[in-house]
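Asker: Line by line, the protein sequences give chains A, B and C.
Using numbering that gives the first Met the number 0, the first residue of the first sequence is number 0, and each one after it goes up by one.
Using numbering that gives the first Met the number 0, the first residue of the second sequence is number 0, and each one after it goes up by one.
Using numbering that gives the first Met the number 0, the first residue of the third sequence is number 0, and each one after it goes up by one.
Hints may be right or wrong, so weigh each one.
Below are the DSBU-like pairs computed for lysine-lysine, each with C-alpha atoms no more than 35 angstroms apart in a straight line [unchecked claim]:
id, chain 1, residue 1, chain 2, residue 2
1, A, Lys33, A, Lys198
2, A, Lys90, A, Lys130
3, A, Lys90, A, Lys198
4, B, Lys128, C, Lys38
5, B, Lys170, A, Lys86
6, A, Lys252, A, Lys90
Derived from the structure by calculation, the hints contain no laboratory data.
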Amino acid sequence: MTAPVLSVRNLQVEFETRRGTLRAIDGVSYDIAKGEVLGVVGESGAGKSVTGLAVIGLIDRPGRISGGEILLSGLRIDNLPPEEMRKVRGKRIGMIFQDPLTSLNPLYRVGDQIIETIKTHTSLTDQQARKRAIDLLAEVGIPAPEKRIDGYPHEFSGGMRQRVVIALALCAEPELIIADEPTTALDVSVQAQIISLIKRLGRDHGTAVMLVTHDMGVIAETCDRVAVMYAGRVAEIGPVQEVIKNPLHPYAKGLMGAIPTLAGEDKRLVQIPGAMPRLSAIPAGCSFNPRCGSAFDRCRVDRPDPLQRGTQAVACHLYDRATETAA
Amino acid sequence: MLAFTLRRAIQAIGVMIAVGIIAFAMFRFAGDPVSQLVPIDASAAERAQIRQSLGLDDPFIVQFGRYLFDAAQFKFGVSYQFRQPVSDLLKERMPATLELAVCATILALVFGILMGVFSALRRDSLLAKLFQMVSLIGISLPTFLIGILLIYLFSVTLGWLPSFGRGDVVKLGWWSSGLFTLSGWKALIMPSITLGLFQMTLIMRLVRAEMLEVLRTDYIRFARARGLTTRAIHFGHALRNTLVPVITVVGLQFGSVIAFSIITEQVFQWPGMGLLFVQAVQNVDIPIMAAYLMMVSLIFVTINLVVDILYTVVDPRLRATISRPA
Amino acid sequence: MSDAALPHPTPVDAPRKAADGWLKRALASDLFYSFRRSKLTVVAAIVTLLFFLVAIFAPLLSPQNPFDPAQLQLLNSRIAPLWTADGQSPFLLGTDEQGRDVLSAILYGLRISLLVGILGVVFSGALGIGLGLIAGYFGGRVDTVIMRIADVQLTFPPILIALLVNGIAKSVSGNRLDWLSMLGVLVLAIGLSFWVQYARTVRSSVLVEKNKDYVAAAQLIGLPAPVIMLRHVLPNTTGPVLVIATINLALAIITEATLSFLGSGMPETMPSLGTLIRIGNNYLFAGEWWIVAFPGIALAGLILAINLLGDWLRDALNPKLR
């Protein structure tokens with residue numbers, strides 16, 4: 000088996016604030032293989048977006064990567080010098096942000112922004128770059144690309160702009176695309192189109208995709224595997240069908256119970272009581288214990304490490320052999 | 000686009016008419032023009048005759064119309080103190096003021112933008128903090144104090160630069176220029192710095208604030224995620240977006256540069272329109288005051304118009320909203 | 000997905016003791032906290048306070064009354080500051096060409112400068128707030144007219160307007176104004192130059208408040224419009240108006256000094272700091288730098304201190320920057 004495209008090992012991200020150091024990401028590990036789509040799901044503030052930014056090296060002061068490592072196709076990238084990391088961004092890792100309306104510079108033509116990116120990462124001439132930009136726009140489904148290339152961002156609709164953003168992420172045929180809530184700011188009707196576009200592009204180019212979202216529907220439809228994040232840690236990770244049908248972690252169970260299904264119309268949707276703790280007030284032991292229905296003494300003291308359970312990995316004391324035998 | 004320009008032009012004319020009313024009211028009602036023009040011992044008949052010849056007996060609206068009509072042809076009456084047509088005086092003085100104002104603005108623009116960009120990009124550097132200090136002092140020191148300080152340093156103590164006047168001038172038609180002689184340039188240095196310093200601090204603060212704002216935007220983050228070089232991001236993307244609002248402010252400020260030149264011209268005895276105006280205020284020479292008001296307003300209004308149009312050239316979003324009015 | 004069910008119990012910030020008395024409350028306020036944290040602001044506040052005190056008690060502090068010709072002796076003219084070789088007691092900062100003690104002149108000049116500045120701010124504030132309330136509350140044509148005038152005026156620098164007002168006043172009075180009426184003219188000129196910002200701020204917050212229920216309720220119980228505006232709408236604008244007033248105090252003092260420097264302000268018999276600088280400027284070439292330097296330093300220090308206070312107040316009252 001070849002090395003995974005992306006391998007995150009025990010990643011830690013901290014933010015220095017006036018009130019002390021806040022740990023936004025605490026020991027997160029996962030892999031993404033070639034052509035695979037990994038969904039990262041969780042509530043706002045669970046650390047989904049920060050994980051993505053850490054991978055592409057865009058954590059700004061006062062934040063910093065304080066531990067762990069990130070490997071891109073076997074090469075360690077979290078400690079690259081800034082100029083080397085810049086060359087990785089856009090060329091080997093493409094990124095798609097949440098809001099297409101603000102992701103593009105309003106003063107530059109769409110084409111100029113694409114050509115600029117292509118020329119930064121390849122040795123194509125102006126003409127070749129323009130040709131490639133038109134091809135890219137066509138590939139992401141923009142009609143009449145040879146005309147639209149000279150348009151300004153404000154002349155595009157939200158969905159079309161997100162297509163342009165995707166084209167920009169694809170400029171240099173990256174190995175990995177990080178999509179941070181790519182559909183949240185879009186109309187529902189457009190969301191499905193963008194999701195299927197990302198899925199198709201990932202398949203066609205063999206690109207690994209990290210899809211950050213809080214929308215379980217999107218995850219179920221698009222991803223191969225899913226990582227459920229809670230308070231800066233991975234609660235559960237595994238193949239998407241397994242995690243949805245048979246969630247192990249109490250938080251994942253609650254999350255899946257909150258998805259409306261056609262089959263179970265008579266059931267009430269489950270609510271998880273309470274809200275995720277603030278970073279400054281993460282409880283001792285398992286960070287989910289105050290909201291967990293099955294919490295016991297150990298959960299309030301010990302922080303659970305991920306345990307392999309078949310194809311799934313879960314960070315919960317309920318699945319620890321010691322606990323099971325004791326119970 | 001054309002409709003937009005036209006609408007703005009009509010607004011500008013509206014402002015000019017409003018200013019015209021004020022100027023006319025000053026001209027006509029603040030002090031009796033006749034008593035200013037005739038000798039004190041003139042007889043009542045003489046006064047009546049002058050009153051007649053100046054058209055002061057005509058109905059108000061006729062007088063106002065005539066004033067505007069004359070003003071549109073740059074006829075502003077006769078100065079009380081110099082007994083010369085005001086328009087000649089202004090024409091003679093205008094080149095000095097404009098050369099000074101343009102020099103000061105260029106100075107303010109170049110240094111203001113450089114310092115602003117630097118202090119936004121290297122926010123925590125010592126030099127940036129120094130710039131912040133300088134800008135605070137620049138805003139707190141009245142223009143005339145800066146001028147006096149410069150004169151004391153470079154004229155009185157060091158003797159490097161002349162403390163007054165504009166040096167030797169060269170006549171280009173009716174335009175007298177100090178830009179073709181060494182003494183002209185030497186004379187221009189201190190007044191330009193004095194006049195430009197306030198604008199410079201203003202531009203610097205604005206550029207810094209705008210640039211910091213722009214650097215936080217999503218499209219800059221996205222530009223970084225695309226792996227563009229720092230130079231391309233800072234100077235290609237961020238600076239251009241920063242300069243859009245700066246254009247407006249600089250344009251609008253050019254008007255106040257001309258007004259502030261009143262002070263600078265007084266300090267350096269610079270023979271421009273501002274000095275003429277100060278003397279007019281001191282000597283209650285209403286025709287010059289009214290004419291100066293009209294001239295300065297004309298310059299303001301013209302610049303505003305140009306800035307508005309320039310804005311649409313720089314910002315494509317605006318161009319779109321203008322060509323398709325809601 | 001779970002809509003994050005129950006509201007999370009927000010941890011209560013350190014319980015604040017109920018303070019009795021406004022002083023304790025003021026000392027415990029956020030504003031005072033941010034004030035204490037900025038050393039530069041504290042220094043600026045102390046300096047500003049000092050300037051005010053010195054101005055108020057000028058007659059007690061100054062060695063001579065610079066406006067009393069009987070106390071001036073030509074024998075004492077153009078004496079250099081005390082620490083230089085030619086210095087003479089009691090003239091700490093030297094004397095001018097009339098034998099006037101520079102320090103005394105500064106103390107008295109400070110009074111005039113501050114008086115004109117404060118009266119100018121009060122006048123422009125009253126004018127601006129009044130017009131802003133009227134424009135915002137009544138709307139319609141009144142609003143259009145007031146705000147059009149404001150727009151046009153905003154394109155003209157205040158110093159130009161002040162000079163024009165000054166020139167017109169002189170013309171109407173036949174160029175014979177005693178110092179008291181000159182002071183009035185200066186206040187008028189400053190007031191007319193700086194009202195626009197107040198008017199715009201007050202108007203916009205009136206527009207916000209006008210449609211709120213409490214104003215409607217006040218109208219229902221039949222309170223007259225002026226009462227509603229002054230008692231209910233106006234208090235909402237205190238913060239921004241205070242910021243504008245502080246920054247405008249600096250501007251007003253600069254404007255007065257500039258007018259006086261240009262010879263269109265306070266007369267030489269009743270000089271403000273600007274007048275003193277104008278007088279001193281004539282002796283700069285003769286090497287008598289102290290006649291202009293000390294009034295200049297006093298003016299610059301005063302304005303810098305007030306500006307620092309204004310800057311801090313603007314940041315502290317701006318919720319966006321918190």
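Asker: When the structure is checked against the list of hints, which entries are broken? Sort them ascending.
Answerer: 5 and 6
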